[in-house]
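Trainee: These are the residues of each chain, in order.
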Amino acid sequence: MAAAAITFASVLGLSACGGGGGDTAGGQPSGGKQQVEVFSWWTGPGEADGLQAMRQIFEQQNPGQTFFDAAVAGGSGDKAKALLASKLQADTPPDTFQGHAGAELQGYIKAGDLEELNFLYDELKLQDVFPSQLIEQISVDGKIYSVPVNIHRSNVLWFNPAVLKEAGVAGAPKSIEEFLTALEKVKATGKIPLSIGSEWTAVHLLESVLLGSLGTDAYNALFLPGADWNSAGVTKALEDFKKIMSYAGDPQDDWQPAAKQVADGEAAFNVMGDWAYGYFHNPPEGGLGKTSKTDFDWAPSPGTEGTYLWLSDSFTLPKGAKNRDGAVAWLKVAASKEGQDAFNPKKGSIPARKDADQALYTDYLADALKDWSADKLAGSIQHGVAVNQPWLAEINTQVGLFLGTQDVAALQKGLADAAAANAQ
Amino acid sequence: MRRVRAWLPGLLLVAPSIVAIGVFVYGMLGWNFQLAMTDKHDEVSEGEFVGLTNFIGIWDEARWHLSVNHAIMFTVVFVAGALVLGWFLAFLMEKGVRGEGTFRAIYLFPMAVSFVATGIVWRWLMNSGQDERAVGLNRMFDWLGLPQWQWFRDPDWGMAAMAIPAIWQMSGYVMALFLAGFRGVPEELREAARVDGCTEWGVYRHVVLPLLRPVTLSALIILGHISLKVFDLIVAVSGKQVITDVPAVFMWVAVFDSHDPAKGATIASYIVLSVAVFVIPYLIWSVRKERRP
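These protein sequence lines are chains A and B, in that order. Our numbering numbers the first residue of the first sequence as 1 and each following residue consecutively. Our numbering numbers the first residue of the second sequence as 1 and each following residue consecutively.
Calculated from the structure, these hints are not laboratory results. Quantities reported herein were computed from a predicted structural model and do not represent experimental measurements. Beta carbons: idealized from backbone N, C-alpha and C, even for Gly. Any given hint could turn out to be false.
No farther apart than 25 Å at their CA atoms in a straight line, the calculated lysine to any residue pairs in the SDA-like style are these [said to hold, decoys possible]:
#1 A/110 - A/226
#2 A/187 - B/229
#3 A/110 - B/48
#4 A/79 - B/229
Ranges of calculated distance between the beta carbons of each label pair, as one might list FRET restraints [said to hold, decoys possible]:
#5 B/56 - A/292: 49 to 57 Å
#6 B/17 - A/246: 54 to 62 Å
#7 A/139 - B/24: 37 to 45 Å
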């Protein structure tokens with residue numbers, strides 16, 4: 001079974017990276033150079049460019065090392081994670097791999113796949129340059145297992161100003177109640193009030209609604225041991241979710257077509273992470289080439305102003321990596337100001353470091369950078385900060401079932417059971 | 001010695017494949033069933049034997065019921081649709097269409113396409129957008145003034161829509177099977193029936209169809225086992241969404257998202273058993289038939 005799964009996953013993986021030779025062993029000297037196999041899911045426009053920018057810095061600083069790009073295509077790393085699981089099981093890890101910082105890494109940590117990185121944090125004094133709440137949310141028993149490269153925001157409400165004006169909505173709604181009123185007004189114009197993508201985008205919306213309805217502290221408490229998912233507050237939040245979802249248009253294939261409906265003026269609102277900014281703003285072949293503030297605009301999702309629902313891509317140091325020195329050298333670049341400032345403007349995210357060069361971040365990113373330093377932090381569910389992978393899979397199942405049944409009580413029970421089984 | 005000489009070379013010839021099948025098919029099957037009967041619910045734990053706990057426990061999960069119902073609906077629509085359409089195409093061929101070779105090739109071609117490619121094309125064709133947002137089939141229906149559908153996103157009948165691409169893909173193959181069957185019916189039998197005053201419909205009803213029973217059964221088995229294992233088509237059309245969940249997709253989620261090997265193995269076991277329900281009676285039947293003189 002495991003062997004069959006491995007073969008199958010490698011087939012998927014190979015077809016996904018176009019025969020990129022994901023199985024080529026790292027650490028093989030090629031022309032006297034050591035190879036570092038860097039495993040990620042950054043293959044899209046923007047993110048792949050950012051990775052190349054970091055690669056250049058890495059190869060300049062480490063003339064003895066060559067960078068081997070073992071990227072596997074697929075949004076939020078679904079296929080990459082499946083291939084990675086089979087590589088780890090077969091004890092042939094890449095030299096370093098991308099993972100969402102936070103609880104997503106718990107499984108790898110428990111399986112003993114990762115080396116702790118406290119030595120690197122001490123050596124580079126990273127505790128001083130990353131926000132303390134971030135360090136706290138990614139530590140497991142005082143140990144840190146990854147180096148965050150960037151920060152994304154999940155609780156962003158994207159909207160089309162022209163559609164709002166047509167519907168007589170004054171501006172971005174500040175609370176869930178205002179949001180519902182605005183959705184109703186848009187509905188009257190015949191436009192799609194809220195665009196939505198495949199099922200995971202509904203879970204993405206749910207985390208913003210939970211945060212907006214419960215408030216930051218109650219939201220963060222949901223992920224502590226013994227948390228109460230049966231509370232009346234959660235019931236209220238899920239009822240809000242149901243009401244909001246009743247204004248959703250036809251589900252699109254993924255988040256991009258859903259975001260595009262807002263950009264094209266077919267829909268008024270979309271809740272999506274701030275990677276959507278690059279999609280809206282970048283020139284065609286990679287983006288929609290829209291003008292910010294006129295074609296599209298943004299605000300914190302309703303009821304979440306002052307809170308940064310964050311997620312972060314990070315790199316790890318797998319145990320048994322063939323080229324450990326090369327991997328550590330890569331992590332140093334990923335942690336450095338220079339590396340993060342090269343990567344993030346291209347990827348459309350902000351650096352995890354507090355000492356970024358502010359001039360590099362304009363328009364949406366300037367807003368994000370300002371909020372990141374001032375806001376309270378809450379961890380994303382769908383993007384691996386707050387819940388581990390089995391928990392997340394169960395939440396996705398429950399939300400998927402809910403979309404069919406519309407049964408709030410069953411959803412709440414399902415979520416409570418998932419929390420009881422997985423919180424630690 | 002002479003007797004050994006008679007069977008030994010033959011055995012040596014097939015031994016590699018017996019060993020390979022023994023290890024990679026039956027060995028893996030055994031390993032899977034063994035894993036399904038443990039409590040190895042993450043990758044780290046050793047896994048103690050728990051008997052049939054997992055097999056029973058999974059029936060408490062709403063998602064499992066949903067995926068089983070989906071698999072049944074998909075199988076019924078797909079198998080019936082492909083059989084009827086394949087039979088009808090073969091019937092037309094048999095009645096002597098001009099340019100039969102061309103038509104045969106056209107209907108068989110979809111077989112050469114992978115389910116993934118089929119799925120990606122049909123994802124667009126079966127887009128659920130309607131009216132001004134319609135594309136694919138809905139656009140055509142809109143233009144023709146016909147009702148538009150949610151297709152695979154329909155909460156009740158979505159899996160029936162999901163069977164359409166599978167029917168499109170496999171009915172040509174069923175046609176080829178039936179055509180061979182039709183051609184295998186001796187002309188004398190038909191003539192004898194006609195001489196006895198049988199109508200053309202009666203010839204088919206009482207002479208040809210009964211003789212086609214073995215072909216129908218083969219087609220049923222082939223389609224049935226493809227259908228119960230279906231994974232690639234579903235993933236290509238809709239990804240791993242709950243709304244189109246089937247056991248094979250649930251198995252993928254259990255192994256790679258939930259990181260629960262025992263649950264994945266349990267679902268895999270159920271898939272194997274459900275296919276066995278189709279295949280084993282067929283094997284018994286065909287072995288019996290071969291024994292008969």
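Trainee: Now tell me, hint by hint, if it's right for this structure.
Mentor: Each hint, compared with the structure:
no.: 1; hint: A/110 - A/226; verdict: 20 Å, holds
no.: 2; hint: A/187 - B/229; verdict: 42 Å, violated
no.: 3; hint: A/110 - B/48; verdict: 19 Å, holds
no.: 4; hint: A/79 - B/229; verdict: 20 Å, holds
no.: 5; hint: B/56 - A/292: 49 to 57 Å; verdict: 56 Å, holds
no.: 6; hint: B/17 - A/246: 54 to 62 Å; verdict: 58 Å, holds
no.: 7; hint: A/139 - B/24: 37 to 45 Å; verdict: 44 Å, holds
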